[in-house]
Amino acid sequence: MLIRYITRRTLIGFIQLFCLVIAVFFLIRLLPADPVSRLVGLNSSADAYEQAARQLGLDRPLLQQLGIYVGLFPDIEAGLFQGSLGVSWVTGSPVGSEIAVFLPVTLQLITIAFILAFFVSIPVGMLGALNPGKAADKGVFVYSLFAGSQPEFWWGLLFVYVFYFQLGWAPAPLGQLSPMTLPPESVTGFMLIDTLIAGEVGKFFEASHHLMMPVITLAFILSGPIIKMVRQNMLRALQSDFILYANLIGLPRKRVARYALRAAMGPSMTLIGILYGFMLSGAVLVESVFSLGGIGQYAIRSVLAFDYPAIQGVVLVITAISLIVYLLLDLIHAAIDPRIAY
Amino acid sequence: MSSEIKDDLLEETAYVSPVRKADWLMRVGVFIVALVVVLAIFGPYIGPYDPTRTTIRIAFPPPGLTEIPGLLLDWISGKLDYPPHWMGTDANGYDIYSRVIAAPRTDLKIALLANILSLIVGVFFGLLAGYWRNWGTEFLIRVSDVLQSFPVFIMAMVLVALAGRSSTNIIIALALVYTPIYIRLTRAEVLSQTSRGFVEAARAMGNSELSIALRHVLPNSLTPALIQSSVTIGFAILLTAGLSFVGAGVRPPTPEWGLMISTGANQIVLGEWWPSVFPGLAISLTVFGFAVLGNALERRYEKG
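Those sequence lines, one after another, are chains V and Z. Once you know that position 254 of the first sequence is 254 in my numbering, the rest is easy, because the numbers rise by one and skip nothing. Once you know that position 267 of the second sequence is 267 in my numbering, the rest is easy, because the numbers rise by one and skip nothing.
Where hints are given, some of them may not hold.
Stretch by stretch, here's where chain V covers chain Z in the computed footprint (C-beta under 8 Å, at least three residues) [to be verified]:
{"#": "1", "stretch": "156-164"}
{"#": "2", "stretch": "238-251"}
{"#": "3", "stretch": "266-276"}
{"#": "4", "stretch": "281-295"}
Calculated directly from the structure, the hints in this document are not laboratory data. Note that the Cβ used here is the ideal one computed from N, Cα and C, for glycine as well.
Sequences and hints are given; from them, build the entire structure.
This is the structure:
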């Protein structure tokens, strides 16, 4: 049953991705941008212009371009079916391998930020839910509304000013390591793991130090919606019959709260999944404040340079990961909640 | 953050609010929103400087709190030869105060128009898909689903950067991002309304399907979308500012909060905090105001 469910979801996912690829492909090309003149310069001769257009394959009919991108003409150029995301027009290297460099940075950043936000939000959300209507609850409620509606890039800058310029606790916002440090050999692409593999504990701590501010910034913004939903789901769970029963038979308050929390976790997981998928591209502003060089910054670079294959690649990869995360979370949800059957 | 996620969250978690009758929070929201609206109308005229003209004073720090009264006195008695820069000037010499209060004209206009556009289109298609259920409208919903699975910020950036950095293009890009939310909201409401008795009654009275849809179902299905508007406007302001921050928004020297923060971003590591901090404060309060207002309206609606 479970296998069938996973197969069905994966199949639907592929169809969704396929529609997305086509939609993005045409959307980009319908917009009135001229990538060729962006590449060769506005004052180039007509000859040079045509040559560049031919090199990029832009002189071919639109449908043939799509066919090549999808991989129907492997003799001209490898496409999606051959596992290739195309070649970047700006750097000339394969988009797939470029994304493989930028993506782990973002994954590392948002995963740690989520873990932090999650562990801060659960007690705070519970505090609100266990004291409904009291001052603590009001405070929690207003905080969650506030944190969830903030410009994260501005908070990042503010933290840089306070913790780097004024207090000197944080390093300059210049990347994952300080510019003078030689990065360790890239094995997984995750800086924290790579430094450990290379056995360089000093660099591990340096990387952690550099990650501190961006993680705190993101976790602050994320804590808004997460607290809101932990509080909400807790309140709902606390009103359910089995909690009333647990209270009636005189179980200790702490134990009842723990039961309620477990019941509240299920629906919260789904929403965290949605948030995670969103943060893959939503972390872009924080990445650029701290110059981390994540997938979002790669997206900015590609968009501003009109690098079509790179734009398509980024959108495709981010959406694919979100879909995988949704699937995983649904499976976890089913494992937690025995009422769900496939 | 984008509103798409927020909507999902809001939808999943119907509000049980701790803030009851004496709704001070809503008053705060109304006050902030009203102030921003007033500034959007009069802001560009009441600042002491032209928001798009530089002055000769570069990166001039704002007066300290203790200096303000003296400065005010000097200014009124005409001892100063130029109006004081209450929030300092930035690295190009623009007066920050004049730009901060002129910016709502840009930000609110973009957010408001984008919201109205997506509201109209979204409600139209939502009504269509909710009231007439066939393969055509089913396809429409699928398209809107695919549109919604786009990474929001990157999509908005692509649309604006490739179509040209103008306010109109930002409005269209934001509208495209927010339309699926309204389609979904309206469709859900239409579905629940059509199962009610008054639709049957209207049909029994001999009304045509079109007139039932437009005169009976539509007015009853608008509320969730209208409430959502307050939240959407807030997040549209955030998105507009974010786009400017990465260089895919309005062009300088348009007074726009995100652009102002971006101008000051390079100086903040050197200790020049004022070019970024004041416009950021404005965004922070504005979006919070819209979020609070939307939340309060939602609670009212749920109470009935």
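Hint check:
1. Given a C-beta distance limit of less than 8 Å, the hint that chain V covers the stretch 156-164 of chain Z holds, as 7 residues qualify and 3 suffice.
2. Taking a C-beta to C-beta cut-off of 8 Å, the stretch 238-251 of chain Z contributes 7 residues in contact with chain V, enough for the three needed, and the coverage statement holds.
3. With a threshold of 8 Å between beta carbons, the proposed coverage of the stretch 266-276 of chain Z by chain V holds, since 6 of its residues qualify and at least three are required.
4. By the rule of at least three residues with a Cβ nearer than 8 Å to a Cβ of chain V, the coverage given for the stretch 281-295 of chain Z holds, with 8 such residues.
When the structure is compared with the earlier hints, no violation turns up for any of them.
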